[in-house]
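Participant: These are the residues of each chain, in order.
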Amino acid sequence: MIDEEQIQHIAGLVKIKLTDSDVKKYQKQLGSILDYVDHLKKAKIQGIEPYEDLIGSKNVFREDKSLTFDPETNPRLLKEVPEKYDRFIKTKNPLQ
Amino acid sequence: MELNTLTIKQANQGLKNGDFSSEELVKSCLKIIKSKNSKINAFITILEKQSLQQAKKVDAKKSFKKNILAGIPIAIKDNILVKDIPCTAGSKILEKYKATYDATVIKKLKQAGAVLIGKTNMDEFAMGSSNETSYFGPVKNPHSLNCVPGGSSGGSAAAVASQMCLGSLGSDTGGSVRQPASFCGVVGFKPTYGLVSRYGLIATASSLDQIGPLAQTAEGAKIILDAIKGYDTLDSTSIKKSFLLPQSNIKNLKGVKIGIPKEYFQRGLDFQIKSIIMKKIDDLAKQGAIIKEVSLPHTEYALAVYYIIMPAEISANLARYDGIKYGLSSFKKSKHLLDVYLDSRSQGLGEEVKRRIMLGAYSLSAGHKEDYYLRAQKVRSLIKRDFTKVFESGLDCLITPTTPTTAFSLGDKIDDPLAMYLSDICTASVNLAGLPAISLPVGKVKNLPAGLQIIGNYLEDDKILQIAKIIP
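Respectively, the protein sequence lines represent chains A and B. With the first sequence counted from 1, adding 1430 to any position gets you this note's numbering. With the second sequence counted from 1, adding 206 to any position gets you this note's numbering.
Just so you know, the hints here were simulated from the structure itself, not pulled from any lab data. Accuracy of the hints is not assured; some may be wrong.
[As the list claims (entries may be wrong)] Estimated spans, in silico, between C-beta atoms of each pair:
| id | chain 1 | residue 1 | chain 2 | residue 2 | range |
| --- | --- | --- | --- | --- | --- |
| 1 | A | Gly1477 | B | Glu254 | 53 to 61 Å |
| 2 | B | Phe477 | A | Asp1450 | 25 to 33 Å |
| 3 | B | Lys652 | A | Asp1452 | 31 to 39 Å |
| 4 | A | Arg1517 | B | Gln553 | 25 to 33 Å |
| 5 | B | Glu254 | A | Pro1524 | 38 to 46 Å |
| 6 | A | Glu1510 | B | Lys446 | 27 to 35 Å |
Virtual Cβ for every residue (Gly too), placed ideally from N, Cα, C.
Required output: the full structure, derived from the provided sequences and hints.
Facilitator: As structure tokens, this is what we get:
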């Protein structure tokens, strides 16, 4: 069973703020889902490799050289940025 | 006859004959959208001006002579980017976001001359089986307004079912095209993993997501699929052309080998749906199909595997919504960087999304990864192996119900995530194994549609579409 402390810990990892009542609710709901998936323990997986997709996908690489970016897309992307300085995305000081 | 009730093929014929213009066709769809959307809530954005402009362009060029989709009104699930048009993924965090480029499927539809009539409502970030997790309110089932349309492509299915468009695009992660198609009584197709580019699809769970078409007929679904499929360098999971199989040519059911996986007909399946499907299978046998009972022994684990792998991928994919680059942001109100993350995500993401992000992070976290994530990936191999084995025995396809029940009432399952998750029990295995599958409407139980699912072997998309077309 997942406890309240674990719920708080996970919420911290994924950067989600929870109220006390959220913690209780998620503890119950995640608990029941984890109980359900527990029956996977019955499956015989000895010697079985984890899934890989059927075409055996490999990483796709492109040539290591700079590409000219569509000049119209750039301002569009920047328009969506909540806070910017000139053509830079602004963030807050991560060391504070 | 109202133009919006035509199939894609009929509409193309009418355009070619000069019986009506694309503008008239689009106007007849817009008229229905205006009269019904306030009740059904299938659309988040209606592209009235743009769709009429595009229709006029097609009429002027008469491009429908060369391209069957030219001038045809198609609706797009709101997690697929259309340049300069809002793309919300059904979430508050993207409420004000405008797409900065076209998804590959949109580029292809535009090249084919299709008319994009609007963006359809959906469960938030495609997480849900009832369309009730949308920030923009639930979609209602056109067959009964008290019932859910299914999800997550609920808007795309309801729009086709209420004839607001002639076809639509959805995305299918664990059944999100097929289950709503089944609940709304339309055709929904999930292609082989990698057949359709996901560039410009807002990611849910990347090893499972696939864009797929919905339409009134299997033929309509195939027309849309043919327009959107193909290799794309911008999607690393896209399948190279050399892998594609030649088009299949099944003219009738004589000698077609159909497997019936017994695990899909066990407890939990509504007995009336069961009898509709069994009767259909009898009909197919009468027409010469060879019916064989088969077993997919690891089916019982599929949903558990799905509800470990899918949230794990979600927890990684949704880390990008941080209030810094785009979307809802608490930047101005927050003091520290951590507060920007915490406040933006907590305010912008809905309950189901948070639940899955946390579930995924838990199953991937230190001390649990072996027990949950790695175990699930191993069982996923077994599920894939089950399918490989039955198809190696020479079967052309498998037939199952699409869903164990018909559409349920709004509010019925929203507070019980596990009960909601069980709606995907007949569809999730297909995504886990990367296979193609289609849901066809085959009858009704108490006025609500039931769906039959045809599952095909890897890359045999065309074969199951052919079979679907000739099933009476």
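Participant: Please go over all the hints and tell whether each is borne out by the structure.
Facilitator: Evaluation of the provided hints:
1. Gly1477/A - Glu254/B: 53 to 61 Å: holds (59 Å)
2. Phe477/B - Asp1450/A: 25 to 33 Å: Given range 25 to 33 Å: violated, Cβ gap about 44 Å.
3. Lys652/B - Asp1452/A: 31 to 39 Å: Taking Cβ atoms as reference, Lys652/B and Asp1452/A lie about 38 Å apart, which means the hint holds.
4. Arg1517/A - Gln553/B: 25 to 33 Å: Since Arg1517/A and Gln553/B have Cβ atoms about 27 Å apart, the given range 25 to 33 Å holds.
5. Glu254/B - Pro1524/A: 38 to 46 Å: holds (45 Å)
6. Glu1510/A - Lys446/B: 27 to 35 Å: holds (33 Å)
In summary, the one numbered hint that this structure violates is 2.
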